[in-house]
Amino acid sequence: MLANEYLPFLSEIKKVIKHTDIEYTFRLTYEGDVKPGQFFEISIPRYGEAPISVSGIGYGTVDLTIRRVGKVTNEIFERYVGDKLFMRGPYGNGFDINNYKGKELVVIAGGTGLSPVKGVVDFFSNHSEETKGMTLIAGFKTPQDILFLEDFGRWQQMLEVILTVDCAEGDTACQIGLVTQYIPELKLKDVAEAVAIVVGPPMMMKFTTQGLLDRGFREENIWISHERKMCCGIGKCGHCKIDDTYVCLDGPIFNYVIGRQLLD
Amino acid sequence: MGYCLDKAGFNQVLQALSRENVVYAPKLFKDGGGFSDTDRVRYGEIHTVEEIIFDRKSEYSFKEVLLPLSQTLFFFTEDAVKEADAPQKGAVILLRSCDLHAVKRLDAIYLENGGEDYYYKRLREKVKFILIGCQHSFENCFCVDMGTNQTVDYDAYLEIKNDKVYVDNHNKVWDAAFAAHSTGTPAVMPAYVTQNETRVRIPDGITLDVMHSRMWDEYDSRCINCGRCNFVCPTCTCFSMQDIFYTDNGNVGERRRVWAACMVDGFTDVAGGGSYRKKNGQRMRFKVLHKVYDYKKRNGYHMCVGCGRCDDICPEYISFSNSINKLADASKEVAANAGK
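Protein chains in written order, with the numbering used here: chain A, -2 to 261; chain B, 2 to 341.
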């Protein structure tokens, strides 16, 4: 009997981590395989479904970092520990860690773009022997917008971390500037072999990938993540199609050689 | 196997088929047209051969049988979901060659792109097709250039000649029913058109660069993004999810999928207010290239089947076949600009 992919299952909220006023991480019960960069369709009957990427993977749980920006996410924010949400998934290809193992890796994330790639950062932070050197450049609008603040402390011990904000008033522990300005200064032994992941808003991704190419990164060594409206997550509803590519099936993670052609 | 039946005999066969199926065919909806005192030809349940409209093209396609305009996926209460039941009966669809080719496109999305779709599959498994022949081409048809004017992939073929019903049956299960009412076993060959007045030429070697052509700009003002071209298209398959809840108990309701269209506002909206392809010309570009360019890259054959319904229905008299024919010049324009 063919499985009915559209039927959601119930998942319990185990923990809520508040990053900012509008960005919380919900830790939800989930048993099964899942990769960083994949996404779930989270649903609340009456309000609908929203695709949310996985920001952390635990034993029997997944973390979903959600920004309160729409009908469904507004309603999710009304839920707390012990409450339940419907979900289905995971969908999409996710990040293949093997592409980054044994290499110099640069992860550049803008805003909530950090959540889909956070699993990769966590992996190399916990397995530093698997990388030849990893740098994380994470940019946020202001110090108040910083996500995963408690994780940064941990990452800073293991990785090269540049935490930067576009602007700040008064004293701040982080640097001020756009993520792109740190690219020329990256200390890399062999830029032609180095790999990079870029996730963030469209403009940020455009200028960041350009910065990496100018720095000498090869196109095929860069990975990006595309976001689109996805109603089904399984290649049927058509909303996420760009040219002949279905972001939900073929992505949302794309090698830049393919991803750069996905213009719309 | 060929059969000849009088209409009464054929209606007996229809009656037999109706025991386990709903028989759908193009039929007349009196006063159901888009303007007052006009009729509409679209798909509906039929019980007699007299109800079938042969001399006009159906304005909407058969696709709503397999992809209902609004389809309930499941019912929900606070903590539980219950899958919606499938229709008890199967379906027999009477359709023309272009539409039968369109079924292959629906299958490609719903059975092959990603995994099999649960709701589509359970309907599709119980559908049989009866081909209606085309003695002549209708206005705006361009099936010949799309290679969809002919098919042998039917359960049965039907045509009316001199008030008699001629059938070529491929479905063994139906042989007994046809034989019981047949007055002979003539050789019946499906009628199909070999030329259309409307011609299209899809240039070889289109690249995505054609999206930068100025040809799309005219649709910014001409197109009113009503989406009728999508809704009548037998190969448009997009949908959106929609939750509704019951007014007497707000905790109980259902999730449906409803037709969605890339020409209509809201199709690309993402949470937070972003959207893509805001201009109607960009939407037209997305649709045209999907039908005659990028679908083929993924599936090996063009999506458009040349039924011409989009041209028939457009309130702004935009011709899809014309836009296909502009692609060659648009490609040259973009190539020339790239050389500058």
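The set of hints was computed from the structure by calculation and includes no laboratory data. Hints are not guaranteed to be accurate.
Partial pick of chain A residues on the chain B-facing surface, computed with a CB cut under 8 Å [claimed, not checked]:
no.	residue
1	V66
2	F74
3	V78
4	G79
5	G108
6	M200
7	K203
8	E224
9	I231
10	G235
11	D240
12	D241
13	L246
Remember, it's a predicted structure, so these values are computed and weren't measured experimentally. Yeah, the Cβ is synthetic: ideal placement off N, Cα and C, and Gly gets one too.
Consistency of the hints with the structure:
{"no.": "1", "hint": "V66", "in the structure": "4 Å, holds"}
{"no.": "2", "hint": "F74", "in the structure": "13 Å, violated"}
{"no.": "3", "hint": "V78", "in the structure": "17 Å, violated"}
{"no.": "4", "hint": "G79", "in the structure": "13 Å, violated"}
{"no.": "5", "hint": "G108", "in the structure": "11 Å, violated"}
{"no.": "6", "hint": "M200", "in the structure": "11 Å, violated"}
{"no.": "7", "hint": "K203", "in the structure": "14 Å, violated"}
{"no.": "8", "hint": "E224", "in the structure": "6 Å, holds"}
{"no.": "9", "hint": "I231", "in the structure": "4 Å, holds"}
{"no.": "10", "hint": "G235", "in the structure": "3 Å, holds"}
{"no.": "11", "hint": "D240", "in the structure": "5 Å, holds"}
{"no.": "12", "hint": "D241", "in the structure": "4 Å, holds"}
{"no.": "13", "hint": "L246", "in the structure": "5 Å, holds"}
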